[in-house]
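S.K.: Read off the chains here:
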Amino acid sequence: MKSLALRKTLAAAGISLAALLANHGASLAQEAVFVIATNEVGAPTYNPIKASNLNIATTLLFDRLVSQDADLSFHPWLAESWEEAPDGMSWIFHLKKGVKFHNGEPFNAETIAKWLELFKASENAYMTKAIAKVEVIDDATVKFVMSNPEPNLLYNFSSSYLSIIEPKSFVELGDNYGVTEVYGTGPFKLESFVVGQETVLVRNDDYAWASPLAKNRGPAKIAKLTLREIAEDSTAFLELKSGGVDMLLGVPTDFLTEIKAQDNLEVLTLPGQDVAYMPINVTKEPFTDIKVREAAAKAINQKEILDSVYGGVGEVANTFLISALPEADIDAKYKISYDPDRSNALLDEAGWAKGADGIRAKDGKPLKVSLWTQSDSSFRRLTEVVQAELKAVGIDSEITTFDSSSIRDQYKSGNQQLAIRSYNWDNADIIDWFFGGDRLGYPNVSMFNDPKAEELRAKAMTGSKNMAERIQNFKAYHEYVLSQFPMAPIYQPVTSVSYNKDRLVLPAEIHAPSVGATVIMDIEVKE
Amino acid sequence: MLAYAIRRILMLVPVFLAVSVIIFLILHLLPGDPIDNLLKVGAPVEQRTEMMARYGLDRPLPVQYAIWLGKLLTGDLGTAIVARRPVADLIGQALPHSLALGGLALLFSSVVGILLGFVAALNRDRFLDRAIMGGVLLGSTLPSFWLGLLLILAFSVQLGWFPVSGARSWSSLVLPVLTIGLGGTALVARITRVSMIDVASRDFVMLLHAKGLSPLRIQLRHVLRHALIPVVTILALRIGWILGGAVTVEVVFARPGLGTLLIKALNQHDYPVVQASLLMLAMAVMLGTLFGDLLQAAMDPRVRGALA
Numbered sequence: 001m002k003s004l005a006l007r008k009t010l011a012a013a014g015i016s017l018a019a020l021l022a023n024h025g026a027s028l029a030q031e032a033v034f035v036i037a038t039n040e041v042g043a044p045t046y047n048p049i050k051a052s053n054l055n056i057a058t059t060l061l062f063d064r065l066v067s068q069d070a071d072l073s074f075h076p077w078l079a080e081s082w083e084e085a086p087d088g089m090s091w092i093f094h095l096k097k098g099v100k101f102h103n104g105e106p107f108n109a110e111t112i113a114k115w116l117e118l119f120k121a122s123e124n125a126y127m128t129k130a131i132a133k134v135e136v137i138d139d140a141t142v143k144f145v146m147s148n149p150e151p152n153l154l155y156n157f158s159s160s161y162l163s164i165i166e167p168k169s170f171v172e173l174g175d176n177y178g179v180t181e182v183y184g185t186g187p188f189k190l191e192s193f194v195v196g197q198e199t200v201l202v203r204n205d206d207y208a209w210a211s212p213l214a215k216n217r218g219p220a221k222i223a224k225l226t227l228r229e230i231a232e233d234s235t236a237f238l239e240l241k242s243g244g245v246d247m248l249l250g251v252p253t254d255f256l257t258e259i260k261a262q263d264n265l266e267v268l269t270l271p272g273q274d275v276a277y278m279p280i281n282v283t284k285e286p287f288t289d290i291k292v293r294e295a296a297a298k299a300i301n302q303k304e305i306l307d308s309v310y311g312g313v314g315e316v317a318n319t320f321l322i323s324a325l326p327e328a329d330i331d332a333k334y335k336i337s338y339d340p341d342r343s344n345a346l347l348d349e350a351g352w353a354k355g356a357d358g359i360r361a362k363d364g365k366p367l368k369v370s371l372w373t374q375s376d377s378s379f380r381r382l383t384e385v386v387q388a389e390l391k392a393v394g395i396d397s398e399i400t401t402f403d404s405s406s407i408r409d410q411y412k413s414g415n416q417q418l419a420i421r422s423y424n425w426d427n428a429d430i431i432d433w434f435f436g437g438d439r440l441g442y443p444n445v446s447m448f449n450d451p452k453a454e455e456l457r458a459k460a461m462t463g464s465k466n467m468a469e470r471i472q473n474f475k476a477y478h479e480y481v482l483s484q485f486p487m488a489p490i491y492q493p494v495t496s497v498s499y500n501k502d503r504l505v506l507p508a509e510i511h512a513p514s515v516g517a518t519v520i521m522d523i524e525v526k527e
Numbered sequence: 001m002l003a004y005a006i007r008r009i010l011m012l013v014p015v016f017l018a019v020s021v022i023i024f025l026i027l028h029l030l031p032g033d034p035i036d037n038l039l040k041v042g043a044p045v046e047q048r049t050e051m052m053a054r055y056g057l058d059r060p061l062p063v064q065y066a067i068w069l070g071k072l073l074t075g076d077l078g079t080a081i082v083a084r085r086p087v088a089d090l091i092g093q094a095l096p097h098s099l100a101l102g103g104l105a106l107l108f109s110s111v112v113g114i115l116l117g118f119v120a121a122l123n124r125d126r127f128l129d130r131a132i133m134g135g136v137l138l139g140s141t142l143p144s145f146w147l148g149l150l151l152i153l154a155f156s157v158q159l160g161w162f163p164v165s166g167a168r169s170w171s172s173l174v175l176p177v178l179t180i181g182l183g184g185t186a187l188v189a190r191i192t193r194v195s196m197i198d199v200a201s202r203d204f205v206m207l208l209h210a211k212g213l214s215p216l217r218i219q220l221r222h223v224l225r226h227a228l229i230p231v232v233t234i235l236a237l238r239i240g241w242i243l244g245g246a247v248t249v250e251v252v253f254a255r256p257g258l259g260t261l262l263i264k265a266l267n268q269h270d271y272p273v274v275q276a277s278l279l280m281l282a283m284a285v286m287l288g289t290l291f292g293d294l295l296q297a298a299m300d301p302r303v304r305g306a307l308a
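Line order of the protein sequences matches chains W and L.
UniProt numbering puts the first sequence at residues 1 to 527.
UniProt numbering puts the second sequence at residues 1 to 308.
Isolated chain L (complex conformation) (with noise of 0.2 Å):
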């Protein structure tokens, strides 16, 4: 097992190197500089050429992404050009809001998206099947914003049990992680529910049934561990996504996180913080599938077999 993630996280290494490259390169061959964003009106036209230097802009792309590399490596994420403030900062202010938000939407989608799924499953074709299937379909299929636009006139404007926006208290996080929540549960009851009903068809749940355990037991105990591991694979490859795809609540909501803060970085050009948040997003998707990946081979051996 432990072979297998040194391994795991070596192979991390090279991908890490081709995504700094893509991500580099993509901003920089986008039409636009963060010096438009710098210049005030009245600015004299040679301040242009001034800043460019200033920023280290008119150098050659490779070595800006040489430079770039060299401090990333040692920590050093940069200063932001529109910003002014050092990108370690910013995305230090973002990343707790998007943990938290991220997080628990995580596990409010796990627990409910797999609570469906198992009751779904167990009266699978029958009414509750359906109308649980149903429910989730709606509920992934409203765009986010406007989930949370009527989940703030419900809970907000009419019963006044949560503030409408910010991230004040934790009661002002409710709404947004139930924004979030409800979609990814359709992904995850859906799933859990197919592949429930596939291995409930395998042959040693036939033998567990001749051995005469109970049907509970059997679902809960054998069916559902089973059926995990692609339900596993799922929320571990959401874990980028959860941290970076939150943008549309987090703007509906007012929230600060990593999400707001590319956004923002994009509109601007502002090169060192939309390269650092893109990276924090990727890192973000790479650890998650590696964490997906040893859980995996933790809960199944012959996974673990395959690449010994």
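Only chain W is shown next, with the shape it has when bound in the complex (with noise of 0.2 Å):
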């Protein structure tokens, strides 16, 4: 009798210890370790207002008005809706209802208000500089009375700088903010922060106001993330592979053949926001001459990079900006592209004649030019492939390599004549910040200074009142700058992200630039 009582006893005692085990399982399921791409390692605070550079958990801690798709183009989030006056000189917001912020306070116009006040603090509020003043309609409608159109708002609004803080914490915490304690509308609360080790997010139940480009209307499907920032990518790989995380964010092309030789792992690839380039600096000889700098941009065999120095992934680049930009899409004309028979033609025509060597000469002068590159292997050996392509068409340069953090300040002296050089930016005005009269030596490296150009610029810049005109004007810039060769276009890479399958599920189709809080939304931690 009393065997029993204990036999039954104990058996209770284990079913429930085993429910409880399992229950304990269940839950570390849906805890997912990320580790973040290797350029924003070290970000040392999540105050979007004051910070000079983000990660990846700012755009999961917080949300923004504007959302943004893999093609670039606009959506809601927490905005539901948005009107632009004709003349570009108004524009009226109508907010989502019902959000929240992590520590209650509600989202509402006021909030706006309150918010773009603080961000004119920001080095960056430049972003927001156009604003005039912020009008609150009601609740949920705000207009923003303009000082000069700026259809570049909705980019603007979709930028991570952009990210809306909660201004009442946000005053009474002061540099803590972001640092020990953050509150946004975001899907994820912060739970724990180590600048340059991990950061810890734990899901927001209460969150039903995602991007309406992720499938997901409810809280996120993870439940704990742990952002983990290493620097080296050898020890990140290892890591994934080892089972320790379940994701990089972002992983070296010389990784991918490795990684894609494992089981488990899957590697998903999107559009990149680089471009690899080589300015030429148009007030140095013999590049003054707009043959010669056309000969040389024309030197340059794309497509032989991409596939020998890159593998194949990732794209050619044509004109200066990243393919997937509307002002990309410009006339097959102004287009650069590999053309040897072009090239040797100009440089016959511009007077350089080639020699017994195969090096070109005028007056008895070599074609000799200086070719700058940055210390890092991957531009070094971008660099070499570069010079050897020049010297098929006869010009003979030579290599010198400069310290990353100290190239910029070489480039100020405006010494350079050609360089190897890439830049990051998914928006048309990176021409203005490259090829504007105003920047000379850095960052613009082709000391381009011309008055038309600087025209078409002032009209792209300032001068379009709305989406459509911008994208006119600066597609009409952006071509006028290729005409004059003051750069060569060479490759666009992909952004690769690895994950581990067994682990984890991801949404079928990607609508976003990068894996941001719209992907994570929708991602699943498999039991």
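Treat the hints as calculated values from the structure; they're not laboratory data.
The structure displayed is predicted, hence computed values, not measured ones.
Please note: incorrect hints may appear among the correct ones.
[To be verified] Heads up, simulated PhoX-like pairs for lysine-lysine below, C-alpha to C-alpha not over 25 Å straight-line:
hint	chain 1	residue 1	chain 2	residue 2
1	W	Lys50	L	Lys71
2	W	Lys143	W	Lys465
3	L	Lys40	W	Lys412
4	W	Lys335	W	Lys284
5	W	Lys143	W	Lys168
6	L	Lys40	W	Lys129
7	W	Lys459	L	Lys40
8	L	Lys40	W	Lys114
9	W	Lys526	W	Lys215
10	W	Lys501	W	Lys526
11	L	Lys40	W	Lys120
12	W	Lys284	W	Lys365
13	W	Lys465	L	Lys40
14	W	Lys133	L	Lys40
15	W	Lys391	W	Lys362
16	W	Lys501	W	Lys260
17	W	Lys526	W	Lys241
18	W	Lys50	L	Lys40
Hints given; two lone chains; assemble the complex.
M.R.: As structure tokens, then:
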């Protein structure tokens, strides 16, 4: 009798214990560990107003007014819809109702007014500079009165620097906002943050206002997300391989074959936001002659570089912009592609005759130029191939390598002739940044200062009333800049994300330019 | 002894000032400035001058130095320009990790190095001596990032004993400590061995043998004690190196630390952070030397006598 009772108790204890363990297992299964991209390592704060660099966790802690699809088109998020006045001088945003910050404060039109007021202290304040006045119409409607038309406003509102902060705690916490505590409306709340190490996020169970680009309308499927910072790519790869982490948000091309060889790992490729190019200094002999510039630009074999240097991963670049941008869709005659015959003909025409050693010369002077690059090994490799391709048409170039932190200052001297570099940006205003006549040296490495270009630039930057006009104006500016050959486009890399498919299920279609809140909302952890 | 200690400490003041001038100048004479890292695509041109003024970078260098030193003496390390955090916070976060890693690695290389050196000296020119010296030579010539990756492959990926990277638990310290420690072991072992052999040929050792003491006792109590004086000097000098020199290992094992902080700040030209980290490292070297000198004086009355 006694033993039966004991057995019963034991059984009961066993079953409940098993249930407890099973439960524990389930909660474990909803946890995931991601490694952030190496260029985001070391971001010191999640304060979008103060920070100069932000990592992916910012997109999970905060929401924005506008979201962006993979094709770079704009979609609602915390703003349900918007209207732009025909003259571009005012915008009305209709906000989503029922949105709450992590600390319980409501999100409404008043929040927008206070937030934009605080944003004026930011070094990125130029992003909202065109907004002269914020008028609160009702709780869910806000009107921006503009000082000048700003068709780029939607792009700015989709940037992580314009993540919507909770104004009250922002003021109260001061410098600690974004470090020890942070309150946004995003799908995840901050649990802990150690700079350069890891950020632990927990799910915001109240979340029901994801961007319509995400399938999931409720809270995120991952309950606890740890974002680790690993600066060394090999270490990150070994972590993924040994199951220590579930996803790498940035994988260098060199590792792709190794990853594809693993059964449990999968690679997701997204369009990149980088363009590698060769600026040509238009103020230095022999490149003061547009024929020599064109010849140098057309000597570069983009396809060969894509195949031999990058193993065919990515895309060739024929314009200055990433091809996803509408402003990159220009008249084919302005696109710059490999054309060795044209190169040779132009150099002959310009008076540079081929010598016995294959190097061209004019008036006894050989066609010898400098080719600058930075010390990172990927740049070195690319530069050596470019050097060989220039030589094929008779241009002798000498490579000079600078440390990547000091090369910008070297550019400011204006002594460069050719250089190999790359940029990362997904808006057409990058043309203004790199070819504006008032930024000679750096960022305008090409020292390009052309009156017609300046006219088109001003029109593109400030003379457009709406997006369609802006695209037209930027296309014209882009086409003109290309026609002057201040640079040669080379290559557009892709962004590769790698994950453990035994652990994670990714959405079938990616509706975002990069893996951020929209994608992570739909990621499931396998039980 | 006390007077000697006080004199040694006072001597640090001019050294500190000289070091601070050098650190400040080297950094500001380097091409480049932090503003380039702050300006975003699309920022208007005037913003540059505005920001230079905001951080006081438009003032003459001597004025900037005076302001920095003045604040430093009151314990204010300033605010990072690019990182936007108080520098003291950034260093406060990195330092414990560096101290743990550096301290344990120093301990490992001292204990293992002295032990190996001792064993090698006892077996001078025999097989064991050759094997140990060959082994440590190999260990010291392996680049630390490579050794680190090899250790990860062996112990984390294959055997699964330790985590690949991170600083979340004590077990994650094992591989980085081994990586740095193995490099230092070679130096310590070689110096211990050479110095033991040197001391063993002195007259007083002969006398001890003549007195009939057991050879092991002579080696342990007398020879090793004398032989440790140069070893202690070397170890003290390595304190500063171990704090800042672990950069590659910190990067490979994704650990935070002074080295990584310094490299990151150097790339961004974040002056206040670089200045403060370099100053920390310089102080570590200075204090390490001081500590070594004091220890040597405590161990060797002749040093005290010479300075008194």
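S.K.: All the hints need checking, so say for each whether the structure fits it.
M.R.: Hints and how they fare:
1. Pair hint Lys50 of chain W plus Lys71 of chain L holds up; C-alpha atoms about 23 Å apart against a cutoff of 25 Å.
2. With a CA separation close to 17 Å, the supplied pair Lys143 of chain W and Lys465 of chain W stays within the 25 Å bound.
3. Of the supplied pair hints, the one linking Lys40 of chain L and Lys412 of chain W holds, its CA atoms being roughly 17 Å apart against a limit of 25 Å.
4. Proposed proximity of Lys335 of chain W and Lys284 of chain W is supported: the alpha carbons are some 24 Å apart, at most 25 Å.
5. Of the pairs offered as hints, the one joining Lys143 of chain W and Lys168 of chain W holds, with about 21 Å between alpha carbons and a cut-off of 25 Å not exceeded.
6. As the CA atoms of Lys40 of chain L and Lys129 of chain W are separated by approximately 14 Å, the hinted pair is consistent with the 25 Å bound.
7. Distance check on the hinted pair: Lys459 of chain W and Lys40 of chain L sit about 21 Å apart at the alpha-carbon level, within 25 Å; holds.
8. Simply put, Lys40 of chain L and Lys114 of chain W have alpha-carbon atoms about 24 Å apart, close enough for the 25 Å limit, and the pair holds.
9. Among the hinted pairs, Lys526 of chain W with Lys215 of chain W is consistent with the structure: their alpha-carbon atoms are about 18 Å apart, no more than 25 Å.
10. Distance restraint check for Lys501 of chain W and Lys526 of chain W: the Cα-Cα separation of roughly 9 Å lies within the 25 Å cut-off, and the hinted pair is therefore satisfied.
11. For the given pair, Lys40 of chain L sits about 15 Å from Lys120 of chain W by alpha-carbon distance, which is consistent with the 25 Å threshold.
12. At most 25 Å may separate the alpha-carbon atoms for a hinted pair to count; Lys284 of chain W and Lys365 of chain W meet this at roughly 15 Å.
13. With a CA separation close to 24 Å, the supplied pair Lys465 of chain W and Lys40 of chain L stays within the 25 Å bound.
14. Straight-line distance between C-alpha atoms of Lys133 of chain W and Lys40 of chain L comes to about 24 Å, which keeps the hinted pair within the 25 Å bound.
15. A C-alpha spacing of about 16 Å is found between Lys391 of chain W and Lys362 of chain W, which places the hinted pair at or below 25 Å, so the restraint holds.
16. For the hint linking Lys501 of chain W to Lys260 of chain W, the alpha-carbon distance of about 12 Å falls within 25 Å, and the restraint holds.
17. About 17 Å separates the Cα atoms of Lys526 of chain W and Lys241 of chain W, which keeps this hinted pair within 25 Å; it holds.
18. Only pairs whose Cα atoms come within 25 Å are accepted, and Lys50 of chain W paired with Lys40 of chain L is accepted, the gap being roughly 13 Å.
Consistency note: the structure conflicts with none of the earlier hints.
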